[in-house]
Amino acid sequence: MKIISADYLLPMDDKDSVIKNGAVVYTDKIIEISSDTAAICAKYPDAEFFYCGKNSVLMPSLINPHLHLEFSADKTSFRYGNFIEWLSSVIKKRGGVSEKKLISAMQKELNNLKKTGVGAIGAVSSFGKDMEILASSPLRVIYFVEILGTSKERFEGAKNGFLQRFEIAESKNSDRFEAAVSVHSPYSCSPEIVDFGVEFAKQNSLKMTTHFLESEAERAWLEGSSGEFLPFFGSVFGLQTSFFTPDGFLKKFDGLKTLFVHCTNTTPDEIKKIKDSGSDIVHCPVSNRLLGQKLFGLKTATELAVRPAIGTDGLSSNFSLSMWNELRCALFGYDDIDLKILPFLLLKSVTANGAEALGIESGILREGKNADMIAFRLPDRPDGVDCVALQAILHTDKVDKLIISGEVI
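In terms of this note's numbering, the sequence shown opens at residue 1 and continues consecutively.
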């Protein structure tokens with residue numbers, strides 16, 4: 001049993017609490033939280049004690065529910081500012097990175113994730129090249145094996161390739177690694193692919209994620225088989241008509257808790273439908289800005305009592321996998337939300353909301369939850385506890401401690 005104490009505890013609860021001079025008692029799970037360190041030490045005299053230092057903050061470890069680790073090399077090789085131009089550059093560069101360079105880049109980024117305080121990720125894997133690295137890492141990993149394809153003739157090949165990768169991933173399941181399913185998107189998957197992926201997830205009680213309405217071009221394609229996607233699909237895949245409408249695609253996932261990722265071009269009605277279905281939204285502010293020039297409607301979602309999570313996407317559409325960088329970009333991007341409210345909204349997006357999206361018992365400092373925590377120190381003492389969340393976002397890059405299941409990583 002251990003006790004860790006800090007000047008400020010950010011539990012990430014519904015009250016936006018800040019506990020001054022607090023302590024957490026834990027093994028692999030959190031046993032108790034207290035605002036009286038001396039009393040808690042007296043209650044557990046045999047527990048190992050650690051104080052995090054002057055101006056220290058203790059909070060749940062960060063959660064990145066949408067990450068493409070396989071796109072960790074060739075960071076400056078992609079075009080930004082227009083979704084179709086970016087997608088074309090990804091297709092052009094895909095497979096052009098050597099195995100050795102990619103493994104090295106992924107390992108480097110995984111180390112950076114740990115240093116910046118990420119304790120859990122939702123990794124979307126297109127090729128399985130990140131599987132060994134993630135399965136052997138100390139992080140909690142929901143490993144979304146991806147399936148996609150627009151050709152009915154190539155359905156069996158796509159299905160068999162997915163099943164082979166999934167079988168290998170499932171064989172690595174552990175208390176910190178869990179194989180799951182990703183149906184890529186409504187513009188890149190035929191109805192046969194979507195139906196297969198959804199049914200496979202339902203039959204095997206698996207978690208699901210999918211990209212949805214990431215750009216204006218995607219919305220125009222789904223609604224009217226028009227816009228920038230029309231010449232793109234015509235020349236690349238020989239398609240002239242979208243397989244789905246936005247509502248038709250959403251209905252495919254009825255009865256399956258799903259992470260709908262990006263959602264930058266969703267309507268309030270679509271956001272509400274996702275919420276009412278029991279599913280979750282994950283948005284990626286930096287990637288969304290670079291690819292679609294538009295952020296997810298966080299204010300609208302908040303008014304609808306929707307609690308979205310935040311991810312980084314991959315380095316093909318981001319300059320960093322640091323959640324702190326992501327939070328800072330969001331902090332300055334959402335200028336329509338009061339700065340006294342926004343910091344906690346954002347911090348919960350990368351803790352409690354991320355845990356809810358991935359279905360893991362982390363993200364909150366609460367009795368019975370996983371002892372997944374980070375500790376770091378602010379440069380100076382904040383002018384009141386109500387400033388701690390904002391100052392943490394502004395000034396944190398690396399953490400002093402990353403604890404997963406009570407173990408210092």
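Just so you know, not all the hints are guaranteed correct.
[To be verified] Just the calculated beta-carbon pair ranges, DEER-fashion:
hint: 1; residue 1: R366; residue 2: I341; range: 18 to 26 Å
hint: 2; residue 1: E407; residue 2: K202; range: 31 to 39 Å
hint: 3; residue 1: N160; residue 2: P138; range: 29 to 37 Å
hint: 4; residue 1: E199; residue 2: K92; range: 13 to 21 Å
hint: 5; residue 1: T302; residue 2: V385; range: 18 to 26 Å
hint: 6; residue 1: K101; residue 2: K20; range: 34 to 42 Å
hint: 7; residue 1: E407; residue 2: T245; range: 44 to 52 Å
hint: 8; residue 1: K20; residue 2: K100; range: 45 to 53 Å
hint: 9; residue 1: I341; residue 2: G234; range: 41 to 49 Å
hint: 10; residue 1: G238; residue 2: P138; range: 44 to 52 Å
hint: 11; residue 1: E199; residue 2: E361; range: 24 to 32 Å
hint: 12; residue 1: K43; residue 2: E170; range: 37 to 45 Å
hint: 13; residue 1: E361; residue 2: T302; range: 38 to 46 Å
hint: 14; residue 1: F127; residue 2: V385; range: 44 to 52 Å
Keep in mind the hints are simulated off the structure, nothing from the lab.
Quick reminder that beta carbons are idealized off the backbone N, C-alpha and C, glycines included.
Check your understanding: If you check each hint against the structure, which ones fail?
Key -> The structure conflicts with hints 4, 6, 13, although it agrees with all the remaining ones.
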